[in-house]
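K.L.:
Spelled out, the chains give:
Protein chains: 2
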Amino acid sequence: MRIHVGTFVICVLCLLLFNALALNLLSPGSYDCTTQCSDTQNQLKESINRLKQEILTLKQKCSTNESTSSLHDSHSPSLVPHIPVIHMITPTYSCWTQKADLTRLSQTLMHIKNLHWIVVEDSDNKTGLVARFLKKCNLKYTHLNVRTKKELQRNSKEPVWRKSRGVEQRNLGLNWLRRNHMTMPGKGKGDVVYFGDDDNTYDIELFDEIRATRKLSVWPVGICGGLRWEGPVCDDKGTVVDWHRSWAKLRPFPIDFAGFAIKLDVVLQFSTAEINPDSRIGWLESDFLSQMVQPSDAEGRASNCKKVLVWHTRTEKPKTKDEERLIAQGQPSDPLIET
Amino acid sequence: MRIHVGTFVICVLCLLLFNALALNLLSPGSYDCTTQCSDTQNQLKESINRLKQEILTLKQKCSTNESTSSLHDSHSPSLVPHIPVIHMITPTYSCWTQKADLTRLSQTLMHIKNLHWIVVEDSDNKTGLVARFLKKCNLKYTHLNVRTKKELQRNSKEPVWRKSRGVEQRNLGLNWLRRNHMTMPGKGKGDVVYFGDDDNTYDIELFDEIRATRKLSVWPVGICGGLRWEGPVCDDKGTVVDWHRSWAKLRPFPIDFAGFAIKLDVVLQFSTAEINPDSRIGWLESDFLSQMVQPSDAEGRASNCKKVLVWHTRTEKPKTKDEERLIAQGQPSDPLIET
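Protein sequence lines, in the order shown, are assigned to chains V and G.
Under my numbering, think of the first position of the first sequence as 247, with each following residue one higher.
Under my numbering, think of the first position of the second sequence as 247, with each following residue one higher.
Because identical chains cannot be distinguished in the list, a pair is counted as satisfied if it fits within a single copy or across any two copies.
Derived lysine to any residue pairs resembling SDA-like cross-links, with alpha carbons at most 25 Å apart: (1) K409 to S532; (2) K483 to I583; (3) K552 to E584; (4) K381 to D370; (5) K565 to V479; (6) K382 to I450; (7) K565 to R411; (8) K382 to M356; (9) K553 to F379; (10) K565 to W342; (11) K552 to K565; (12) K409 to E569; (13) K495 to Q577; (14) K553 to C341; (15) K553 to R571; (16) K567 to R526; (17) K553 to D580; (18) K553 to M356; (19) K359 to S322; (20) K567 to E404.
What the hints contain is simulated information worked out from the structure, not anything from laboratory work.
Please model the complete structure; the sequences and the hints are all you need to start from.
P.N.:
This is the structure we're talking about:
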C-alpha cells in the first residue's frame, strides 16, 4: 500500500500539532496549581517529619536500653536527700577539644551538690574516651549516645547558625528522664532540668538559681545572640517585663538553652514535648518551651536578671594541618597519648 | 682683589673634584662595610633592648608598689604549712570573654591546695572588673598590672603568632616573686612557678605534677604547636629522650609556657632572667629557660609524659557587630550588667 507523499506530510504535521495540543492541555502549566501543589508538598513534609520523629524515638529507645549510668552507683558521689537534683543534659561530639571541654566543665560541676550529669554523645556508639573520662570524673552521671541524622549534620564549611547541634542528644536526655524518674530518689519530685553545652562557662552560683526553679526560671546569658548579653529584663520582683535581643524579635522565649531551667515535673507532664530539628533558625528554644509553658510562667532569677552567671563561650576550633602533614609522613603524634 | 676668570673656573672645578673624591673615600659604598654595619646595628639594637628592659623594670617596680594582694589576707583561704606553694602567673586583658575565662579557671583552681594566683592585667590601671572578681573568687591571689608597650601590642588584624601576648605581664609576675619571697611562708623555699593562661584547660591532676617539681618539670601539652599534642618524649624513668614538635625544631625547649614548671629557687638564683619580647617567633620559652637551665635538667612528668593534663585551648573571639549596631542606635546592652 502506498500513501501519497502530500498526505503523508499532512498527517505528520497533524500528528505533531495534536501532540503539541495534548501536551499543552495536560501540562501542569496549563492551569494554576500552586496552592494545591504546596498543600500536597506540605502534607508530604509533615509525614516525613512524623516518620523522622518516630525513627528518632525508636533510636532513642534502643540507645536508652544500653545507657551507662552511675546514678545509683555506689562508687560515685551520693546524692544528698531532700535537696532537688539538677539534671544537666550536655550534648557532646568527637573533636580535638572534646576532652578539654569536658574536663573543664566537670571541674566546675564537682563544686555542685546533687548534680546529675547526663552526657549524650553524638555518635553511633559510646566512645572509649568519654566512657573512661566519665568513670574517672567523680560525678553522678548517665552516659547516652545517639548519632545525629545525616540530613541534620552540619558539614565543616556551613556556618554555625545554619544547623543546630545537639537536638537529638537533648531529646534523648529528656526521654531518658521520662523513662527513669520513677527509680530516682523521691521519684525525681522537685528535680530540675538544665541544658548545658560543654564549652559554655558557668559560674557555680548559677546552680543555686537553677535549683530554686519553681516552674521555669530565666536569666541573662553573656556573649549571646550577637550581643554582650541576651535575655530577660525584669522588674524588682523578678517579673519578666521585656526581653533584650537583637534578632528574631517575635520569639516568645528569645533565649538560649543556657538561659533557662525547667522543673522535671513539667517535662514529665508534657510527655511528648520535644526539641524540633526543623524549627526555624533561632526558634529551637521557643518552639520547645511553647509546648509546655507560657512566657508569663517565666520567673526572672540571678538578682532579677541583673547578674550574668553563664556565658555562651565557644572553644576555638584548632588548626590541624601540621598534624595532617605528620600523618601523611607516617609520623602522627603518638596515638597512644589520649588528648 | 680680582681673580682671573680662568683661575676661578679651575678652582671651582678643583673643589668639585676634591669634594667628589672626599665623598667617594668617606662614603660607605667605597669599601665593603656589611659586617661592620650589621655589627653596629646589632650593638645599637642591643642598647635599645637594654633600655627597653630598664624601662620595663622601672614600670614593673612602679606597678608592684601598688599591687593588690590577698596572699596574707585573713579573709582568703589560708596556706597549708609544709606543702610547697604553686605560684601560678596568669596574664589577662580586657575583652568580651575575660570574665568568663577567669571564672572558669578560678573554679578549677578552687580545687587546688596552696595555690597562689598571680593575675597580671595588661592595662594601665587595675580594672574594677578584675579587682571585684578576684575579691570574690575565694583564692589566694595577687593582682598586678602592666600595659604592654605600644610597639609590642598586636592589632586585631595581625595573626596570633605574630606577636606574643603576656610577655611583660609574666615578667612582672616573676619580679614580684623575686621581691616578695622573703615575706612568704617559709620564705618561698620549695615553692614552684607555673605560667598558666586564662583560656587554657587544666586537669586538676596537673597541679600534683607541678608541685613535685625539683628543678624543671616538663610534660606534653594538648592541641599545641599545630599538633594534637606537643612536648617531651621520655623513657621509662622520665628522662627526656626527644621532643615531639612540628616546627622550629632547633629550639632547645620546644615547649609552650603551659608545658613546664620551674622551682622558685631557680628563678631567684637567676635574678635577671626574663622573657624577651624580641625573641624569634616561637622561641620565647626556649630563650627564657636557657638563661637558667639546660635541656638535660628537664624532668618528664605526667606518667613519663604519656598523659595530657593541660590543653592549649583558646576561647573563640565573639562576633560583636549586633552590639555595635545597638550602640549606634543608642540602645546598648544594659552597661550596668557586668559580663
